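**Q** Take a look at the letters that make up each chain.
Protein chains: 2
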Amino acid sequence: MKKKINFKNREEFTYYLFLYMKNDDKTSFRTEFLELHPTDQIDIFKQLSIEKRKHVYRYLTPAEFAEIFQGLQLTEQKTIFAELEDDFGLRMINELSADDVTDFFGNIPDSVATYLLSKLEESEANNIKLLLSYKEDTAGAIMTTEFITISPNETVTQVMARLRKEGADAETIYYLYVVNDDDKLTGVVSLRELIVAQTGATIAQVMKEQVVTVSAFADQEEVSMIIKDYDLLAVPVITSEEKLIGIVTVDDILDVIEEENSEDIGQFAAVKGALDLDLNAFVATKRRLPWLILLLFIGMLTAGIIGGFEGILAEVAMLAIFIPLIADMAGNTGTQSLAIVVRGLALEKFDRNAVIKLLKREALSGFMMGTVCGILVSILALVIPQGNLMLGFVIGVSLFATVFISTLTGTIIPLIIHKLKIDPAVASGPFITTINDIVGLFLYFTIATSLLHYL
Amino acid sequence: MKKKINFKNREEFTYYLFLYMKNDDKTSFRTEFLELHPTDQIDIFKQLSIEKRKHVYRYLTPAEFAEIFQGLQLTEQKTIFAELEDDFGLRMINELSADDVTDFFGNIPDSVATYLLSKLEESEANNIKLLLSYKEDTAGAIMTTEFITISPNETVTQVMARLRKEGADAETIYYLYVVNDDDKLTGVVSLRELIVAQTGATIAQVMKEQVVTVSAFADQEEVSMIIKDYDLLAVPVITSEEKLIGIVTVDDILDVIEEENSEDIGQFAAVKGALDLDLNAFVATKRRLPWLILLLFIGMLTAGIIGGFEGILAEVAMLAIFIPLIADMAGNTGTQSLAIVVRGLALEKFDRNAVIKLLKREALSGFMMGTVCGILVSILALVIPQGNLMLGFVIGVSLFATVFISTLTGTIIPLIIHKLKIDPAVASGPFITTINDIVGLFLYFTIATSLLHYL
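Chains as they are written, first to last, in UniProt numbering: chain P, 1 to 455; chain U, 1 to 455.
Quick caveat, the hints were computed from the structure, so don't treat them as lab data. Computed from a prediction, not measured in an experiment: that's the story for all the values here. Careful, some of the hints might be misleading.
In this list, chains with the same sequence are indistinguishable; a pair is considered to hold if it fits within one copy or across any two.
The calculated DSSO-like cross-link candidates involving lysine-lysine, where the alpha carbons are at most 30 Å apart (straight line), are [unchecked claim]: (1) LYS286 / LYS360; (2) LYS208 / LYS421; (3) LYS357 / LYS286; (4) LYS360 / LYS165; (5) LYS129 / LYS26; (6) LYS184 / LYS286; (7) LYS360 / LYS129; (8) LYS184 / LYS243; (9) LYS119 / LYS286; (10) LYS357 / LYS119; (11) LYS184 / LYS46; (12) LYS208 / LYS286.
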C-alpha cells in the first residue's frame, strides 16, 4: 500500500487506522502511522477521542510521540500531557528539542515545570533553564541549543565522518559552526561547501570567517529580518563575548513572521490578543471589550465637540447630515497613512531622512486628495435636496481640511509612538480614527459657525 | 584584515573600496569585495554613483555580478541592466537562476525580453519560457528549475560523488528528488538522510516515498502554508502527470509571506498597491484616491439616512450629539470581527463547521459586548448636561443593537465575499465601517423616532 499525502485518501487511511486500534493491532498501526509525515500524524491525532488517544500512547515510543507533541498548540499540549503516564511523559520531554520544551514549560504552572526540570537529564535541564531565562520574543527565547560545532583543525573527511554519527540529532546539519578552544564562533561552513570541498582540506581552509550573527537579546523580528535578507537557513546566536549559545532556524522564523503579522493586524483593528479562532465567546469578549470601552470613552469626546456647537446645529439642522461623512473620511484617510507607517516599520528601519521624506510625501498626497474630495463633495452637496452653494462650500472646505490633516495625524502619531517606544497598540486604527473624527468635526463646525450668517 | 559583518566597520570598509576604485586597483577591490556576503555587496553597490558602478562592471565577472543583480529590486534592475555592455549583460543573465530571470523579463518590454531570450543558451531559454507561461503568484511562477534529480537505482556513494561535482549550481542540494525513467517524482531523500545512510545502499532503499508536492497552478499562499506546516526547506512542483518541473525554496516563501501580509494590511486599510514607501506623492495619490472617492460616495448614503430623519433632528437637536459615537462604535466592532476573519482566512481553511462555530461565537460575543457598551453609554448620557433618562435609553438600546449587528456584519460580509471569490479588497476595513455606520445610524434614528414623544 503506497501512500501519497494528497489529502484525497486521508479518510480511507484514517478508517484503517481506526480499525487497527479497534483490533488492538499495534504492529499494523505502527507500520502505517509512522510512514506518515509528522504533520499528518498530528492532524490525525487531533481527531481522536481520549480512548483512541490512549491507544496511541501505548503504541508509540516516547520519542515517536514527541514528534506529535511538539506540533500541538500550547493549550492542547497541556491537556495531552495530563493524559500521559508520568514515566512516558518524562521520557517524551527528554526527546523534545530544547526550544519546544521551553515553550511548553513557559505555559504550565511553575511548580510543575520545576518538578519536571528536576527529573530531566542534567545537560538538557541546563539548556532549558538557559532558554527560560531569556525574555519572550528574543533570539535567546526562540533559539535551539541542538547545533553542531566543529573545530578549525578538523579535516573535511573527519567532519563528514562525525556527521554520519551525530547528524540525526541536531536541529540542522546544513550549517556547521566553527568554534575555537574558547567556544568563540570563528567561522561557518555550509554542508554544501563541505561536500564540494577537497576531502583532505582542513575546516580552517574552507570555512567563511564572516558569520552573520545575532545577539541573544535581539528581538525576534530583527532575527527574522536577518534570515530573510541574507537568505539563511539558520542564524547563530552569540553572547557579548562571541560565544555560540544557540541557533535560530528558518522554520522557527516562519512561525515568528506569522505571529508578528497577526500582531500587526490585531493592533490595527484594536483586537490584539483575540484573533484566535479557537477562543470561546467569553474569553474573546473579555479580550475585546476593554478596547471597545476605551474607544467608547474617547468617542464621548466627539459628543462633547458636537454638544459645544449645539447652537448652530439647532439653527441649521442640515449640518448634522454630513457629520458621519466627515467622520468616516477622517478615519479612512488616517487609516491609509497608518497602514503605510505600520508596514514600513515592520519591513525597514526608519532613519531621520526617511521620516522627513515620508512626511513630505504624505503632506503633498493629503493636500491633493483633500482638494479632490473637497471639490467632489461640494458638487454633491449642490445636487442633494435642500443643498445650496454655501453648504457646499462649508462641507467642501471642511472635508479638504479633514483629509489633509488626517493624513498627517495618521502618519505622525504612529511615528511618535514608535519613537517613544510606547506599546504601539495605542496607535491602532480605531484610535487614529477617533482622534481624526474629533479633529474633523471640530474643523467642520468651526468653519460652519464662522460662515453661519451665509448659510 | 578580518571582517565581521557587524555594520560597525561598514563605513571604514566602504572607504577602502572607494580608494581601490580611485586607484583603479582591481585586485585589491576584488579581494575585499568578494569576501562579503552578497547581501552586503548589494548594500554597498546601491550606494555607488554611476561612475563607480562602471568600475564594478569592469572588476567583476558576469557570474559575480549576477549575485548582486539578483538582489536588486525590479526597478533598479532595469536601470542597471541598461548600463551594462551587451555581451556582459547577456552573460550575466545566463548566470542568474531561472526564476530571477523570469521576474526580470516580466518587467521589461516584451520585445527586449524576446530579443534576450533568443540570445540565451537554449536549455536556459526553454526553462524561462516555461516559467513565464505561469500566472503570477502561482507555484509555477515562483519556482526555480535548478534542482537535483537522482535515480532510485543509484547508490548513496554514487549520489555523493555527483553532488561533489554538481552541488555548486543547484538552488538547494539539501533535498534530492528521486525520479523514475518517465520523469515521474517517486521519492525524496534529504541530504541529512543521505549522509547518515549506509554508503552501499541504493536510493530506493533510503528514499521516502511520500513526497509533499504542490501543483504548478497552486496559489503561492497555499505553497507557503505547506512549507510552513511541514517545516520544509523546499517543496517540489509537479504537473498533473506527477512530473517534477521545479522546486520552491523556503527563502522564496519568506518573500511571498511578506508580500501576502502587505496585501492583507493594504486591503484592510483600503490602501492596496500604495504601501510602498518609495512611491512619490503623485503615484501614491493616484493609487489611494480612487478608494477615498469610492468611500466618499458610499459615505453619502449616511448623509441620506440622516437627511431622511431631519424632522426628528430639528425637534431634538441633542440627537446629533451621538451620531459620531454610534458611527465610531459600529466601525470599531466591525473592524475587530473583520480582522479575525481576514487573519483566519490567511492562516487556515474554513470549512462549514468552522464558519458556523465562528458565527455562533461572534453572535454571543457581540451580544455581550453590546450589552455592556449599551449600559455604559446610558449611564454616560445621564451625566452629561441636558442628558435625561429617555435619551440614555435611546442611545443605550441603539448602541447595543449597533455593536451586536456590526459584529455580525463584520464577520459575515468578508466570509460571503471570500465564498463568492470576489476581490476581497471590497471587504476592507473602511467599507465594513461605512456599511456598519449606515446600519447603526438607521437603527439609532428609528429607535429615537419611535420613542420621540417620550424625549
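**Q** It remains to establish, for every hint, whether it holds in the given structure.
**A** Status of the hints after comparison with the structure:
no. : hint            : verdict
1   : LYS286 / LYS360 : between (41 Å within a copy, 16 Å between copies)
2   : LYS208 / LYS421 : neither (37 Å within a copy, 49 Å between copies)
3   : LYS357 / LYS286 : between (41 Å within a copy, 18 Å between copies)
4   : LYS360 / LYS165 : neither (60 Å within a copy, 54 Å between copies)
5   : LYS129 / LYS26  : neither (37 Å within a copy, 52 Å between copies)
6   : LYS184 / LYS286 : neither (48 Å within a copy, 54 Å between copies)
7   : LYS360 / LYS129 : neither (50 Å within a copy, 42 Å between copies)
8   : LYS184 / LYS243 : within (4 Å within a copy, 47 Å between copies)
9   : LYS119 / LYS286 : neither (37 Å within a copy, 64 Å between copies)
10  : LYS357 / LYS119 : neither (58 Å within a copy, 41 Å between copies)
11  : LYS184 / LYS46  : neither (43 Å within a copy, 33 Å between copies)
12  : LYS208 / LYS286 : neither (52 Å within a copy, 47 Å between copies)
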